[in-house]
Amino acid sequence: MGAFILRRFGVMILTALCLTFVVFFLTNLFPNLEKLAKTQGNARMTDEEVVSWLDRNGYGGSMISRYGEWLGVVPGWTRVDEETGEITGRCIDFGMDPADAPARCGLLQGDLGFSTVSDDEVSNIIGGRLQLTGILMFWAFALMVPAALLVGVLAGMREGSRLDRSLSTMSIASTATPEYVSGVIFIVFLASSQAGLSPLLVEWGWLDSGTLFLGSARSAMDDITFWNFTLPVVTIALYGMGYIARMTRASMAEVMTAQYIRTARLKGVSFRKIVLRHALRNALIAPFTVIMLQFPWLLTGVVIVETLFNYNGFGWTLVQAASNNDIELLLSCSIVAVFVVLVTQLISDIGYVFLNPRIRIA
Amino acid sequence: MKDFTHVQTQKGLTSHPVAEMYAREHKEGKLDRREFLVRSTALGLSAAAAYSLIGATPAAADGHRAVPAAGGTLRIQQEVRALKDPRTYDWSQMANVTRGFLEYLIQYNADGSFEGVLLDSWEANEDATVYTLNVRQGVSFNNGDPFTAEDVAANFIGWCDSTVEGNSMATRMGGLVDPDTGVAREGAIEVVDEYTVRVTYPAPDITLVPGIADYPSAVQHRDLIGTNPADHGVGTGAYEITSYEVGVGATLTRKADHEYWGEAYLDEVQFVDLGQDPAAWFAGAEADEFDMTYETVGEFVDLFAAIGWTQSEVTTAATVVIRPNQNNAPYDDVRVRQAIAMACDNQVMLDLGINGQGVTAQNHHVCPIHPEYADVPALAFDPAAAQALLEESGNADFEFELISIDDDYRKNTTDAVAAQLRDAGFNVTRTIIPGSTFWNDWANYPFSSTNWNHRELGVQVLNLAYRSGVPWNESGFANEEFDALLDQANGIQDADARREVMAQIETIMVNEGVTIQPYWRSLFRHYKAGIVNADMHPKFEINVHYLGFEA
Numbered sequence: 001m002g003a004f005i006l007r008r009f010g011v012m013i014l015t016a017l018c019l020t021f022v023v024f025f026l027t028n029l030f031p032n033l034e035k036l037a038k039t040q041g042n043a044r045m046t047d048e049e050v051v052s053w054l055d056r057n058g059y060g061g062s063m064i065s066r067y068g069e070w071l072g073v074v075p076g077w078t079r080v081d082e083e084t085g086e087i088t089g090r091c092i093d094f095g096m097d098p099a100d101a102p103a104r105c106g107l108l109q110g111d112l113g114f115s116t117v118s119d120d121e122v123s124n125i126i127g128g129r130l131q132l133t134g135i136l137m138f139w140a141f142a143l144m145v146p147a148a149l150l151v152g153v154l155a156g157m158r159e160g161s162r163l164d165r166s167l168s169t170m171s172i173a174s175t176a177t178p179e180y181v182s183g184v185i186f187i188v189f190l191a192s193s194q195a196g197l198s199p200l201l202v203e204w205g206w207l208d209s210g211t212l213f214l215g216s217a218r219s220a221m222d223d224i225t226f227w228n229f230t231l232p233v234v235t236i237a238l239y240g241m242g243y244i245a246r247m248t249r250a251s252m253a254e255v256m257t258a259q260y261i262r263t264a265r266l267k268g269v270s271f272r273k274i275v276l277r278h279a280l281r282n283a284l285i286a287p288f289t290v291i292m293l294q295f296p297w298l299l300t301g302v303v304i305v306e307t308l309f310n311y312n313g314f315g316w317t318l319v320q321a322a323s324n325n326d327i328e329l330l331l332s333c334s335i336v337a338v339f340v341v342l343v344t345q346l347i348s349d350i351g352y353v354f355l356n357p358r359i360r361i362a
Numbered sequence: 001m002k003d004f005t006h007v008q009t010q011k012g013l014t015s016h017p018v019a020e021m022y023a024r025e026h027k028e029g030k031l032d033r034r035e036f037l038v039r040s041t042a043l044g045l046s047a048a049a050a051y052s053l054i055g056a057t058p059a060a061a062d063g064h065r066a067v068p069a070a071g072g073t074l075r076i077q078q079e080v081r082a083l084k085d086p087r088t089y090d091w092s093q094m095a096n097v098t099r100g101f102l103e104y105l106i107q108y109n110a111d112g113s114f115e116g117v118l119l120d121s122w123e124a125n126e127d128a129t130v131y132t133l134n135v136r137q138g139v140s141f142n143n144g145d146p147f148t149a150e151d152v153a154a155n156f157i158g159w160c161d162s163t164v165e166g167n168s169m170a171t172r173m174g175g176l177v178d179p180d181t182g183v184a185r186e187g188a189i190e191v192v193d194e195y196t197v198r199v200t201y202p203a204p205d206i207t208l209v210p211g212i213a214d215y216p217s218a219v220q221h222r223d224l225i226g227t228n229p230a231d232h233g234v235g236t237g238a239y240e241i242t243s244y245e246v247g248v249g250a251t252l253t254r255k256a257d258h259e260y261w262g263e264a265y266l267d268e269v270q271f272v273d274l275g276q277d278p279a280a281w282f283a284g285a286e287a288d289e290f291d292m293t294y295e296t297v298g299e300f301v302d303l304f305a306a307i308g309w310t311q312s313e314v315t316t317a318a319t320v321v322i323r324p325n326q327n328n329a330p331y332d333d334v335r336v337r338q339a340i341a342m343a344c345d346n347q348v349m350l351d352l353g354i355n356g357q358g359v360t361a362q363n364h365h366v367c368p369i370h371p372e373y374a375d376v377p378a379l380a381f382d383p384a385a386a387q388a389l390l391e392e393s394g395n396a397d398f399e400f401e402l403i404s405i406d407d408d409y410r411k412n413t414t415d416a417v418a419a420q421l422r423d424a425g426f427n428v429t430r431t432i433i434p435g436s437t438f439w440n441d442w443a444n445y446p447f448s449s450t451n452w453n454h455r456e457l458g459v460q461v462l463n464l465a466y467r468s469g470v471p472w473n474e475s476g477f478a479n480e481e482f483d484a485l486l487d488q489a490n491g492i493q494d495a496d497a498r499r500e501v502m503a504q505i506e507t508i509m510v511n512e513g514v515t516i517q518p519y520w521r522s523l524f525r526h527y528k529a530g531i532v533n534a535d536m537h538p539k540f541e542i543n544v545h546y547l548g549f550e551a
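The listed protein sequences correspond, in order, to chains A and B. All residue numbers for the first sequence refer to my numbering, where the first residue is 1 and numbers rise by one. All residue numbers for the second sequence refer to my numbering, where the first residue is 1 and numbers rise by one.
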């Protein structure tokens with residue numbers, strides 16, 4: 001097991017290196033650098049000004065050496081202003097004496113770099129953002145997993161029954177509706193004072209004023225309430241729920257046709273006991289992998305929901321970084337994404353071994 | 001209880017020979033009131049004196065401000081962008097946040113008058129070549145240093161430095177910049193005494209005052225010019241930044257140990273960034289996440305009014321141009337450009353592009369609210385003639401590619417142009433480029449649309465965008481006669497003579513088919529009841545020192 005985990009970590013580091021290099025390469029193509037100079041300098045800069053800006057801010061050297069600087073294996077750039085004699089550089093912060101600055105400052109030194117758009121250290125930004133997304137994901141999971149398992153088990157108990165058909169239809173519908181559709185429907189239907197349910201409720205006197213739920217989760221960043229967090233959580237949970245429910249149903253239906261279940265039934269064990277005692281554990285092996293797969297999906301899946309509901313988490317940051325060509329923030333985001341994908345895969349592989357004894361031997 | 005009945009008295013010249021001439025012209029009906037105010041206050045007349053010259057009382061003026069109660073927190077929905085050297089600001093939003101501590105020498109009011117902020121008063125000599133600036137006394141920076149003429153002069157020198165990339169102030173400083181060295185002319189900016197600065201132009205120039213009232217001209221401490229104010233927070237205003245997260249929000253709080261020279265009412269101002277989608281802003285308003293919008297656009301104007309918010313509207317010289325670039329074939333042929341202009345009905349663009357929220361324009365980029373406006377009509381709308389002209393030029397089969405940014409009104413207006421060109425028989429392909437990359441090449445696209453903000457004087461945009469070879473000349477327009485007339489118009493003239501020059505300039509713009517400039521936008525802002533001095537400003541300015549809640 002130790003060698004297995006070690007090998008996994010090796011693959012993880014290699015993947016992260018490849019991925020970040022691809023991101024680095026794409027974000028450092030000249031048109032992207034030009035865009036960066038124009039957003040940082042002035043939107044209506046001339047071409048000469050762009051070149052001079054790039055040179056002055058350390059984007060002049062070769063792409064490989066700059067990637068090295070970001071990794072921390074090559075010393076950071078420095079530049080001396082010919083007129084004022086002022087020294088600026090990658091590792092020299094505002095107001096810092098150039099003599100005190102370290103030679104290298106990159107990933108290896110624990111420095112994630114500088115976000116050009118936010119004008120702040122990437123490490124200052126990423127932590128808080130991940131935490132916000134973590135909270136959103138936690139609640140989405142807390143709603144999605146139990147609900148999906150319940151629906152799946154209920155549907156799979158008696159294959160082909162009326163209950164199975166209606167629950168299956170629901171699951172397929174929820175999986176077939178992406179977040180950007182369901183989210184908008186929820187907002188229009190539940191969170192608008194002009195359309196949907198809220199004006200009706202106000203008219204009937206069930207609601208004082210305003211809306212049933214809030215269509216913006218911005219206030220949830222400071223203070224989560226039922227009103228401001230329900231819609232984003234439900235929007236995420238609904239999309240993933242159908243998929244897990246379908247997998248659980250298939251697994252459950254298969255288990256219910258197994259020999260030992262038939263034996264139990266013939267022996268006169270009640271249906272309730274068969275489901276709870278005999279079928280359930282075996283039926284949950286397959287959904288477990290699917291549930292673990294939801295983590296990396298959620299991390300990027302929250303992009304839409306966070307943007308739609310204005311919840312400034314990791315997904316939102318990723319979009320901002322990409323659209324603004326914020327190179328180092330985007331690189332850090334990809335590292336986080338690689339980390340989450342591979343760690344959840346690791347957990348699911350290990351967990352699977354514990355759930356299914358047959359794999360332990362292999 | 002602090003006494004808030006004291007209202008800042010405006011200082012300035014009580015009279016000026018040219019202003020008196022303007023006053024006569026106003027009474028004769030040659031100048032309207034706004035035009036008179038822009039011109040006379042730019043010369044250094046106080047708004048009060050200007051109003052009295054024409055027999056009006058300033059209390060009736062649009063720019064008159066109420067006195068709010070002290071205290072409270074106001075939340076403003078507005079983009080929060082990363083700050084940088086103020087000279088390179090390219091969004092009014094940046095200035096609205098820093099205006100809490102970085103003030104301006106002069107401000108532009110919605111009624112057209114200029115008012116001193118860090119300047120007590122200013123005066124121009126008769127031919128507008130020498131300006132004497134009187135610095136407000138008793139102002140200090142929040143680090144304890146006094147604010148003096150040295151700071152003003154240092155800022156002027158910084159503004160004139162065209163070697164700084166993206167320094168748009170250098171264009172506004174005009175003749176003060178030495179074309180050979182790219183920095184301020186020797187002796188152009190003089191410190192006369194501790195509170196007086198003299199600025200000398202080689203040729204008459206009336207754009208100095210509007211130029212330094214624009215948002216990139218925030219006044220920095222003399223030692224901190226060229227730095228990012230977010231790094232040091234030094235300024236003369238009453239507030240300080242206590243939190244700043246790009247794309248999320250910012251908080252300004254009254255700085256405790258700083259004695260502010262003027263009055264400030266709110267304890268705290270929060271900027272709430274809800275992105276660029278107006279639907280998200282509206283959702284935010286319904287979720288009670290802010291009290292006032294930066295700008296309300298399109299159909300959301302009616303929606304905000306429907307949920308009971310107060311509406312504030314201002315007509316401006318903000319606009320969109322859909323221009324061919326004359327450096328590209330076939331747009332170098334004047335017949336093609338005229339055909340394009342004749343195929344489009346500006347009223348249709350106004351209706352389809354911005355929901356009819358504005359007034360139509362005449363393709364010459366000078367607005368009726370500009371002092372020097374002359375009523376020169378656009379080429380008549382005639383699709384058949386346009387098609388005939390296009391065939392005559394031999395480009396009937398040319399595939400026109402019309403480019404726009406991917407956003408609400410600019411995209412819709414450009415769509416309307418494309419549809420009308422198609423109706424007139426042109427082959428048109430539409431290309432939409434996302435906002436993040438659109439600006440990479442904005443001045444070089446062969447045929448595309450761009451938005452332009454309001455400026456006080458008609459000559460300002462013409463100087464920036466249509467003079468031969470200037471960096472922002474996106475139409476590739478180069479016309480010696482036009483340049484010469486513009487030079488002439490930049491000096492002070494008798495109203496009639498000046499309008500004659502302007503009429504010639506506008507006629508050239510129209511006849512050369514330089515651009516389709518279909519309408520002037522009305523700008524809207526909404527705020528909750530009980531908020532004072534929050535009205536929409538033609539240049540999107542928000543001055544947090546004036547804001548407050550009803551007493």
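It cannot be assumed that every hint is accurate.
Said to hold, decoys possible - Here are the computed lysine to any residue pairs in the SDA-like style, where the Cα-Cα straight-line distance is at most 20 Å:
| id | chain 1 | residue 1 | chain 2 | residue 2 |
| --- | --- | --- | --- | --- |
| 1 | B | 528 | A | 130 |
| 2 | B | 528 | B | 233 |
| 3 | B | 84 | A | 210 |
| 4 | B | 255 | B | 233 |
| 5 | B | 411 | B | 397 |
| 6 | B | 411 | A | 43 |
Stated by the list, open to error - Partial chain B-side listing against chain A, Cβ under 10 Å, derived:
| id | residue |
| --- | --- |
| 7 | 142 |
| 8 | 146 |
| 9 | 149 |
| 10 | 167 |
| 11 | 251 |
| 12 | 275 |
| 13 | 278 |
| 14 | 286 |
| 15 | 306 |
| 16 | 310 |
| 17 | 409 |
| 18 | 432 |
Because the hints were derived from the structure by calculation, they are not lab data. Virtual Cβ for every residue (Gly too), placed ideally from N, Cα, C.
Item to check | Hint check against the structure, violated hint numbers in rising order | outcome: 1, 2, 3, 5, 7, 8, 9, 11, 13, 16, 17, 18
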